[in-house]
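Asker: Sequence:
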Amino acid sequence: MRKALTGIALLSALAGSAIAGSFTSGLELYVANKSDSENITVLLTLAEQAPVADLDRQLHDAKATRAERHLQVVTALQSTAARTQLDLRNELDLLRAQGKVNGYTPYWIVNGIVVNAPIAVVRELAARADVESADVNLVVENIAALRTPKDRIPPNDPGRTITSGLAAIRADEVWNTLGTNGSGALIGGIDTGVDGTHPALASRWRGNNGHPTSECWLDAAGLGHTLPTDTNNHGTHTMGTMVGGNDIGVAPGAQWIASNCINMGTGVAFDNAVIASFQFMTDPDNNPGTIDDVPDVVQNSWGVNENFSGYVNCDTRWWAVIDNTEIAGVCVTFSAGNEGSGASTLRSPADRCVTPYSCFSVGATDPANGNIIASFSSRGPSTCSPAPYPIKPEVSAPGVNTYSSIPGGGYDYYSGTSMAGPHVAGVVALMRAANPDVEVNTIKQILMDTAVDLGTVGEDNNYGWGQIDAYEAVLAVMTGYGSVDGTVTSSVSGLPLDGASVSNTAGAQSSTTNASGDYAMNLAAGNYTLEYSQFGYVTTTRTLDVFENATTTQNVALVPAPSALLYGYVYDPSNSPVPNANITFTNHDLPGTTTDVNGYYSTSIPLGFDYDLTAYASGLGGQSRSVTFDASQQLDFHLPLYEGFESGNFSAYNWSQSGTAPWVIVTSPVYEGSYAAKSGTITHNQNSTMTLSLTIAAAGEIAFRYKVSSEPNYDFLRFYIDGAQQTQWSGEIDWTQSTYPVSAGNHTFTWTYSKDVSVNTGSDCA
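FYI, in this note's numbering the residues of the sequence shown are 288 to 1053.
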């Protein structure tokens, strides 16, 4: 029998994790079991970053052309990096001369430097005042396509008629009716590379159209490929869907450039292929004053998840890189992932959800089967926090049995969101060909506005806003969009309101104010009623007109909402009042309150809002309640018994022990706090049992956290109520909560860990 480890913590709550120094939590996890002398590669992000978010707003208000935007944003990024990195680079040069640093690469797309050095040296560098954080240099992977064996086209077949995916999104109608096939647009691919000699792609590579190879191909993986090459079929297939000839590409008139970033991990130890690729795509010729070399859109069919060493959920390491690329005028699209059909299965960074546009993710549909969502397509919602826009993906596109190019001049059918994302990127190229200066967020808004709604009405976590419609999207940029912006303030103080919501009452468009109270949103020309809301203020509306290629400014001062009294009592399980109990608000930033000697509390809060509250007290469990607060009212709490073993023993309640060995109090592993109960050390055909008898005043529940590590299907943790087994657990189970209903009256609760009759390895314990 393998070693068994079972922990019990009654009525526990999640504990936070500490982050030491300037290491991110992902980097701390990565180095946890490594020696300080071991070399690692990290990204040092500097404390000062270029103020491009403010510049973005200024350029939008000034109706800057794409060329003007590119010049100012790239110049700001480069000048900030050059000025602020000087001292750090001088120290790195000195350390490298001393043999303490192996190498480094500076970047400007984010103000950071990738460094390869021993962990101890990295900690010293991370502690510098000009360094914001250090993060592990993470290797990414492509979202692997699913090859379709049936109906396979032989190699060198020049293709069939227009693919089912192109027909489903009406790409041919854009070519034939609206008169644009993407000519004049440029597409970038961050993937496994591209077969630059493929007949469907060769003529569209920018390097074959009179431009230097250095600004048309990046060997980010360091494989020694001086011309576009694909060591995996993936990148050639995705590029074919975007720009390929022979009726496979959405924008066959566009040109392309590429990076083989997804082969990263094989290149120089102190490079970050993701950062290098985005920097390349933002300014391929290293001249901020030129724009013809800069792609209109960059498609990404890659991502990471919790299985990657050094990665934590909703990791932020590439967010600034992506944002800065888009502020410079390049639209960035991401495939959602192939981990469906479960909820919350998007890869990162596609699961980012801090604005309606970040990161713009694409699910996969089946064009031959009624455009239903593919079973493999990753679903939302995003689990990133904060999550003002958690529904994912943003849109969907054909991604089942997609026919496109593969290396060697052939064609094949692949399935995956890796095939869906390129359909969207191709449509972006068509939109930019029709309107070269249309802004990135306007492009994304149009894609969502014009999508064909599928599944649940409105935005949903399967299709997003629906399947893209190339014809309607391109028509929209031809007929024009405008924008609305303004500032939301308090009518009393005149100060800006951060986090206020601005939404279109007749549609899905919305925006959130920043710390300066500013907001902006893109809308088709027309008349709108916008709703302005913020916690603690009375919601108001404004009606306004939006004009093509113009900005309408609407400033709003919100009036504070009136307040009323929320009051009540907090009781223990015997219905006695609980003094000094704490009542906190969990969904709004409001000060909590405490009960008096009679268990009474009261607090004045704004009317017209829903509130989630939690009451808790020393030695008792917590209770959460919700209330819609439209008038002064009473809200009472009844706190359950709580045992966290924080006394360091079993003295808080009348516990009894039986079996071969008693349960013990331990300091590790614990779910929260300092202690947990663990079963005693036993061997073959033995058990360790812990029992608690209680009188329950009113019907309720018993809840506890458990952790099991045992031989699967042989050694078990079992839970009983009044001698009746409720359930059992075996194998490897991390901290998990179980809850069971309990009636009023006298009850006995029992936890037993038992072993079978054979196999003994390690130190059996529970």
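No lab work stands behind these hints, which were simulated from the structure alone. Heads up, some of the hints might be wrong.
[Unchecked claim] Pairwise CB distance ranges, derived in the manner of DEER restraints:
hint: 1; residue 1: GLY781; residue 2: THR464; range: 50 to 58 Å
hint: 2; residue 1: ALA454; residue 2: THR513; range: 49 to 57 Å
hint: 3; residue 1: ASN867; residue 2: SER961; range: 16 to 24 Å
hint: 4; residue 1: ALA802; residue 2: SER501; range: 55 to 63 Å
hint: 5; residue 1: THR670; residue 2: ASP1009; range: 33 to 41 Å
hint: 6; residue 1: GLU325; residue 2: LEU894; range: 31 to 39 Å
hint: 7; residue 1: GLY781; residue 2: ASN867; range: 56 to 64 Å
hint: 8; residue 1: GLU355; residue 2: ASN389; range: 23 to 31 Å
hint: 9; residue 1: SER322; residue 2: SER1030; range: 55 to 63 Å
Quick reminder that beta carbons are idealized off the backbone N, C-alpha and C, glycines included.
Asker: Please test the hint of 50 to 58 Å on the beta carbon pair from GLY781 and THR464.
Answerer: holds, 52 Å
Asker: Does the beta carbon distance between ALA802 and SER501 stay inside 55 to 63 Å, or does it fall outside?
Answerer: Since the Cβ atoms of ALA802 and SER501 sit about 41 Å apart, the hinted range of 55 to 63 Å is violated.
Asker: Quick check: does the Cβ-Cβ distance between ASN867 and SER961 fall within 16 to 24 Å?
Answerer: The hint (16 to 24 Å, Cβ to Cβ) holds, given that ASN867 and SER961 are roughly 22 Å apart.
Asker: Starting from the range 56 to 64 Å, see whether the pair GLY781 and ASN867 falls in it by beta-carbon distance.
Answerer: violated, 39 Å
Asker: Hint says 33 to 41 Å; check whether the CB-CB distance for THR670 and ASP1009 agrees.
Answerer: holds, 38 Å
Asker: Confirm or reject the claim that GLU355 and ASN389 have a C-beta distance inside 23 to 31 Å.
Answerer: violated, 41 Å
Asker: Regarding SER322 and SER1030, is the given constraint of 55 to 63 Å on their beta-carbon distance met?
Answerer: holds, 56 Å
Asker: For the hint 31 to 39 Å, verify it against the beta carbon of GLU325 and that of LEU894.
Answerer: violated, 59 Å
Asker: Is the hinted range of 49 to 57 Å satisfied by the C-beta distance from ALA454 to THR513?
Answerer: violated, 38 Å
The structure is inconsistent with the numbered hints 2, 4, 6, 7 and 8, although it conforms to all the rest.
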